[in-house]
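**Q** Next come the chains, spelled out residue by residue.
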Amino acid sequence: MLHFKRSQLHFAACLLMLSLCAVSDSFAANDKVKLNGFATLGAIYNDSDDLGFRPNLKIPGRTGLSLAPDSLIGLQANINISPQWDAVIQAVYRDKLDEKAINYLDVAFLRYRLNNRLELRGGRMNTDIYFLSEYKSVGYAYLWARPPAEFYSKVTSVSQFEGGDVLFKRSLGDGFFTAKLGYGETDASIATTGDGLDVHFTNMLMASASYQQNNWQVRASFLDARVNDFSADLNTIDDAIALFPPNIWPGGPRLRERFDFVGKKQQFFGLGYRFDNDTWLVQSEIGFINSQWDIERDTVSGYVSLGYQNDGMTYFATVSAVEPTKNNLSDRVGEISPNAPAAIAAAIQSFRPLIREALEQNVANQHTFSLGVNWMFSASLVAKLQLDHSVIADDDYALWRVYNEPEADHTVNVASLSLNWVF
Amino acid sequence: MRQCMIHLITFFLFVSCSYSAHALVVVVGKNNPVEALSKTQVIDIYMGRYNTFPNGVVARPLDRVAGSDAKQKFYRLLVNKSEEKINAYWARLLFSGRASPPSSYATNDEMLDELRSSKQTIGYVLESEVDDSLKVVYRFEK
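Read top to bottom, the protein sequences are chains A and B. 246 is the number that our numbering gives to position 246 of the first sequence; each next residue is one higher, with no gaps. 111 is the number that our numbering gives to position 111 of the second sequence; each next residue is one higher, with no gaps.
These aren't lab readings, by the way, just hints derived from the structure by calculation. Owing to the predicted nature of the structure, the values given are computational and were not obtained by experimental measurement. Just so it is clear, CB atoms sit at the ideal spot from N, CA and C, and this is done for glycine as well. Certain hints may be false.
[Said to hold, decoys possible] Cross-link-like lysine-lysine pairs, in silico, BS3-like; alpha carbons within 27 Å at most:
| no. | chain 1 | residue 1 | chain 2 | residue 2 |
| --- | --- | --- | --- | --- |
| 1 | A | Lys169 | B | Lys30 |
| 2 | A | Lys169 | A | Lys34 |
| 3 | B | Lys30 | B | Lys119 |
| 4 | A | Lys264 | A | Lys169 |
| 5 | B | Lys39 | B | Lys73 |
| 6 | B | Lys119 | A | Lys32 |
| 7 | B | Lys30 | B | Lys71 |
| 8 | B | Lys85 | A | Lys34 |
| 9 | B | Lys81 | B | Lys39 |
| 10 | B | Lys71 | B | Lys85 |
| 11 | B | Lys30 | A | Lys32 |
| 12 | B | Lys81 | A | Lys34 |
| 13 | B | Lys71 | B | Lys119 |
| 14 | B | Lys73 | B | Lys85 |
| 15 | A | Lys265 | A | Lys96 |
| 16 | A | Lys32 | B | Lys71 |
| 17 | A | Lys326 | B | Lys39 |
| 18 | B | Lys81 | B | Lys135 |
| 19 | B | Lys39 | B | Lys71 |
| 20 | B | Lys30 | B | Lys135 |
| 21 | B | Lys39 | B | Lys135 |
| 22 | B | Lys39 | B | Lys119 |
| 23 | B | Lys71 | B | Lys135 |
| 24 | A | Lys34 | B | Lys119 |
| 25 | B | Lys71 | B | Lys81 |
| 26 | B | Lys119 | A | Lys264 |
| 27 | B | Lys119 | A | Lys169 |
| 28 | A | Lys169 | A | Lys32 |
| 29 | B | Lys135 | B | Lys73 |
| 30 | B | Lys85 | B | Lys30 |
| 31 | B | Lys135 | B | Lys119 |
| 32 | B | Lys73 | B | Lys30 |
| 33 | A | Lys326 | B | Lys71 |
[Claimed, not checked] If you want a taste of the chain A side facing chain B, the calculated C-beta under 10 Å gives, among others:
| no. | residue |
| --- | --- |
| 34 | Asn36 |
| 35 | Asn80 |
| 36 | Val88 |
| 37 | Gln90 |
| 38 | Asn115 |
| 39 | Met125 |
| 40 | Val166 |
Let the hints inform the model, and build the full structure from the sequences given.
**A** Structure representation (structure tokens):
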């Protein structure tokens, strides 16, 4: 487990969340507090015995028939303190790797409205870097059984943050423009192909802009975060390098630096477009991850979804994909002194397969075809049926929990049926 | 012939008055200083973009009963969206913490009482429901 050096910012955010809970309780007796909720009862059937399906990296992978990945319940309190001040607390109970009680609070922030165009917030908030970033748990509010994993899965590790942001909004022409700038940090428990890991991101800088007219919306976003701590240790590499002094293996410290994570930047750039004229619905996003850390590969991901709406039913098809953009990472061990004995040099060279394995363990390269129907059963209930066919290239299973190593170019089918409420 | 013309004119007047009586208008309480709003300003308030009137006073939009003809007609006229779409839109805004949906009431009478009693409320009613306690701030183009 990690022993995080909690920063003052993180500590202050936790205090703020607890105090907001107290405020919510004391206001609950009057109309200054509005309570609302949402829930999803979702079943999946994953036809793979080897690869566990998960909607994103924060949720345990499941095979066969399971209610766990998609089912959840959320409660939200909107607390109006004054015309300028309000607070929002949202708790979501669902299956996830991180079971710390405080982290069942998805959102807990205090907001100050400076005027009609400017809002400031502090606390724990959703990171506004993609279309569904602020309501991804509310199945009622979007088309699919869940957000496409190829695009949403990896960025979910930074889906919340503790800190502050400022929102600017104004009517512009026939539409409405918003821009947001935020800064903070976050902890996340995420899974790779194996067990869960804890990661701590600091210096998170977020910016997003969106313009919406009646039938369409475009958005662009940027996120820059620094890895501050990671629960995977580098002891194996440290032990190996320690066996060989730098005068024998000058490339050793450089190799250590490649695998070290502290201070390494992760950047995300996203673009999105949505069109909805009550008959046709088109939504698409594309995202780029730029990583300074070789273990987390640069990737491009995206999806296109087309829906046809008729009489409360929406029939939809989606294609989504993710693939690495930096494919030729070197597995060389680096410089070995020419004076090193042949046996020592051979021993150092024997690390190459281990380096290659480490570089390949977190690669996502797959695409998914989805067909489904979304049925607005009543004003507060939506039912969804969705079939996903995923084709995974080589052995790049980073979006799945690997229980048994399957053959290369594996395909997986996942069927999902869910009921989604708001109340 | 003359009598026939009078009947025809009477009929058209009746149809016209009837249409007008069933037309939707956006209203505020008589004590609200707002005199008129543009369609964009009504959209800004009802779609959760701004939470104040143009003069800076907090605006509290009220909705008619869910599923009612008036509510469905209002959102068609305002943003050309079905009530289902409006519900999904508000689920997104509410649970993203951006804004709360207009207050809704079990009966239209309760909504009208609230509309008349507060300076901050804004609502939409049939033209025939407008009385001295209400002030029309926007009329949809026919």
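**Q** Let me make sure I understand: some of the numbered hints might not hold for this structure. Which ones are they, in numerical order?
**A** 1, 4, 17, 26, 30, 33 and 40
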